[in-house]
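Peer 1: The primary structure of each chain is shown beneath.
There are 2 protein chains.
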Amino acid sequence: MSTREKILDTALTLFNDQGTAAVSTNHIAEAAGISPGNLYYHFRNKEEIIRALFQRLFDTWDNGLPFPHDHQPTLADLKTIIETNYQIIWQYRFAYRELVALLRQDTELRKNFLAVRQRGFNGFHELIHTFSDAGIIHLPDDPKAIHELQEIVWLISEFWLTNLEVNGRSVNKGEMQNGVKLMLRVLQPYLV
Amino acid sequence: MSTREKILDTALTLFNDQGTAAVSTNHIAEAAGISPGNLYYHFRNKEEIIRALFQRLFDTWDNGLPFPHDHQPTLADLKTIIETNYQIIWQYRFAYRELVALLRQDTELRKNFLAVRQRGFNGFHELIHTFSDAGIIHLPDDPKAIHELQEIVWLISEFWLTNLEVNGRSVNKGEMQNGVKLMLRVLQPYLV
DNA sequence: ATATTATTAGAGTAAATACTCTAGGAGCAA
DNA sequence: TTGCTCCTAGAGTATTTACTCTAATAATAT
Numbered sequence: 197m198s199t200r201e202k203i204l205d206t207a208l209t210l211f212n213d214q215g216t217a218a219v220s221t222n223h224i225a226e227a228a229g230i231s232p233g234n235l236y237y238h239f240r241n242k243e244e245i246i247r248a249l250f251q252r253l254f255d256t257w258d259n260g261l262p263f264p265h266d267h268q269p270t271l272a273d274l275k276t277i278i279e280t281n282y283q284i285i286w287q288y289r290f291a292y293r294e295l296v297a298l299l300r301q302d303t304e305l306r307k308n309f310l311a312v313r314q315r316g317f318n319g320f321h322e323l324i325h326t327f328s329d330a331g332i333i334h335l336p337d338d339p340k341a342i343h344e345l346q347e348i349v350w351l352i353s354e355f356w357l358t359n360l361e362v363n364g365r366s367v368n369k370g371e372m373q374n375g376v377k378l379m380l381r382v383l384q385p386y387l388v
Numbered sequence: 197m198s199t200r201e202k203i204l205d206t207a208l209t210l211f212n213d214q215g216t217a218a219v220s221t222n223h224i225a226e227a228a229g230i231s232p233g234n235l236y237y238h239f240r241n242k243e244e245i246i247r248a249l250f251q252r253l254f255d256t257w258d259n260g261l262p263f264p265h266d267h268q269p270t271l272a273d274l275k276t277i278i279e280t281n282y283q284i285i286w287q288y289r290f291a292y293r294e295l296v297a298l299l300r301q302d303t304e305l306r307k308n309f310l311a312v313r314q315r316g317f318n319g320f321h322e323l324i325h326t327f328s329d330a331g332i333i334h335l336p337d338d339p340k341a342i343h344e345l346q347e348i349v350w351l352i353s354e355f356w357l358t359n360l361e362v363n364g365r366s367v368n369k370g371e372m373q374n375g376v377k378l379m380l381r382v383l384q385p386y387l388v
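Each protein sequence line maps, in turn, to chains A and B. Residues in the first sequence are numbered consecutively from 197, following my numbering. Residues in the second sequence are numbered consecutively from 197, following my numbering.
One or more hints might be untrue.
Since copy identity is lost for identical chains, a pair holds within one copy or between any two.
Unchecked claim - Derived DSSO-like pairs (lysine-lysine); straight-line CA-CA distance at most 27 Å:
id	residue 1	residue 2
1	Lys307	Lys369
2	Lys369	Lys242
3	Lys307	Lys242
4	Lys377	Lys340
5	Lys340	Lys369
6	Lys242	Lys202
7	Lys369	Lys275
8	Lys377	Lys202
9	Lys307	Lys340
10	Lys275	Lys307
11	Lys340	Lys275
12	Lys242	Lys340
Don't read these hints as lab results, they were simulated from the structure.
Turn these sequences into a full structure, and let the hints steer you where they fit.
Peer 2: Here's what the structure looks like:
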C-alpha cells in the first residue's frame, strides 16, 4: 500500500473514532507509522486529507451502488441498494456526523458534495419512477407529494446511522435493516 | 444580565456560528467583553459551558412546548408544537449538528440528554394516541408499525434543520413549514 | 556508474489553546 | 471603619498544533 493510501486509511479510522477536531496531523502520522514531514510531503494540510477522503466517498457513490442493469428492478433490488448505501455511509461516518461544519469550512468541498448528492438524488428519482412504471408502487398524483416522499426517504437514509449513534445503539447489520424498514414504512401505503 | 448569562449567550452565538471546536474559551471571553480569568471564575472549563447550554435546552424542552391542556388537541395544535420544536432546535443548532461528538466526549451529558429525549418521545407517543382516540388519525393495528411511524417523524424533527444547513438552504419560517409538511406527509395516509 | 528525482525522517518553530495565579476592586455586614 | 466574600482583570505557562526545513536515502533514468 502506498504511503498516501496508508495516510488516508489511518486518517479515516481516526476521524471515525474520534472526530476530525480531535485528530491532529501529528496523530495521523504517528498512527500511520510515518514522520510528520512525510505526511506533509503527501498532503499540504489536514483539509486536503479530508478532501481526499470525501473524494473516495464520491467515487464510491458514483460507482459502488448496485443498480440492476440486466433486469427490471424489484423490491429486493431496492433493499440491496439501500443496504449498500448504509454501508458506505457507515464507512465514512465521520463525514456525515460533521457534515455541516466540514462543508462550511471548505466551500470547494461543499460544491462537490452537493453536486454528487444531486446526482444521487436524481438517480433515486428515476428509480422510484421505474418502480411506478413496473406497477410495484402506486404513487400519488401530486408531483409535490412524490417529491416530499422522496425527501423523507432520503433524509432517513442520510441520518439513520447518526441517529443510532446518538442513541448509543450499536451499529450493525440488524440496525441497518431497521433503517431499511423505516424507509419502506414510509412507502408502504403506496405499495401495490 | 449576569456575567454567567453573558458568557452563555456569547458562547451559544459563537458555537452556532462556528462550531464548538473552532471557538476557544479565550474567544468567548473576548467576545463577551470579559477577561479569561473571569470566565474561568464562572466555569471550570469549556465542557461546563457546553453542559450549561445543554441544560438550558433541556429546560426549554421540559417547559417550553405548547401542549394544550384546556381542550382536546387538534391538528393545528400539532403543527404549533412541531413549529415550536423547530425553533428550539434552531436556537441550539450547534448541539444538534455535533451531537454525536459532544455526547461521546461527555458521558454524563449523554445520560441526561437521552433521559430528556426519552421523556419527549414518550410525550409524543401519548400525543399521537390522543389524536387516535379523538378520531383525527386512524393508526395501523400493528404496534410495531405505529412505533416505526413515530420514529420516522421524530427523525425528521431532529434532522430537518441540519439537512437544510447541509443543502445550504437558508433556514427561515418557510423552510420550517416545509419540515412540518414532511412530517404530516408521513402521517397523511393515516389521517381520517 | 552517475545524475536526477521521489521519498522519508526528524528536529524545530510560531501561534494558539486551555487553564492558573495573583492582586485588586466592589459590595455588604458588623 | 474594618473585615469578608464575591467578582474581575490580565499577565503568565505548559502543552499542543499545524506546518517547515534540511539532510539523508531509495528509486529510476541515462
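Peer 1: Is the C-alpha distance from Lys307 to Lys340 at most 27 Å within one copy, between copies, in both cases, or in neither?
Peer 2: Classified as within: same-chain Cα gap 26 Å, cross-chain 40 Å, threshold 27 Å.
Peer 1: How would you label the pair Lys340, Lys275 (within, between, both, or neither) given a Cα cut-off of 27 Å?
Peer 2: Classified as both; 24 Å inside a copy, 20 Å across copies.
Peer 1: Cα distance capped at 27 Å. Does Lys307 pair with Lys242 within a copy, between copies, both, or neither?
Peer 2: within (19 Å within a copy, 33 Å between copies)
Peer 1: How would you label the pair Lys369, Lys242 (within, between, both, or neither) given a Cα cut-off of 27 Å?
Peer 2: Answer is neither; intra-copy 32 Å and inter-copy 37 Å both fail.
Peer 1: Given identical chains, is Lys275 near Lys307, meaning Cα to Cα at most 27 Å, within a copy, between copies, both, or neither?
Peer 2: neither (29 Å within a copy, 34 Å between copies)
Peer 1: 27 Å Cα cut-off: does Lys369 pair with Lys275 within a copy, between copies, both or neither?
Peer 2: within (13 Å within a copy, 35 Å between copies)
Peer 1: First find the shortest C-alpha distance between Lys242 and Lys340 inside one copy, then the shortest across copies, and answer within, between, both or neither for a cut-off of 27 Å.
Peer 2: Neither way: Lys242 and Lys340 sit 42 Å apart in one copy and 45 Å across, limit 27 Å.
Peer 1: As a check of your reading, is Lys340 near Lys369 (CA-CA no more than 27 Å) within one copy, between copies, both or neither?
Peer 2: between (33 Å within a copy, 19 Å between copies)
Peer 1: Measure nothing new, just compare the shortest in-copy and cross-copy C-alpha distances for Lys377 and Lys202 to 27 Å and report within, between, both or neither.
Peer 2: The answer is neither: 36 Å in one copy and 46 Å across copies each exceed 27 Å.
Peer 1: Cα distance capped at 27 Å. Does Lys377 pair with Lys340 within a copy, between copies, both, or neither?
Peer 2: Answer is both: 24 Å inside a copy and 11 Å across each meet the 27 Å cutoff.
Peer 1: 27 Å Cα cut-off: does Lys242 pair with Lys202 within a copy, between copies, both or neither?
Peer 2: within (15 Å within a copy, 34 Å between copies)
Peer 1: At 27 Å max between alpha carbons, let me know whether Lys307 reaches Lys369 within a copy, between copies, both or neither.
Peer 2: Classified as between: cross-chain Cα gap 25 Å, same-chain 32 Å, threshold 27 Å.
Of the numbered hints stated above, those contradicted by the structure are hints 2, 8, 10 and 12, listed in ascending order.
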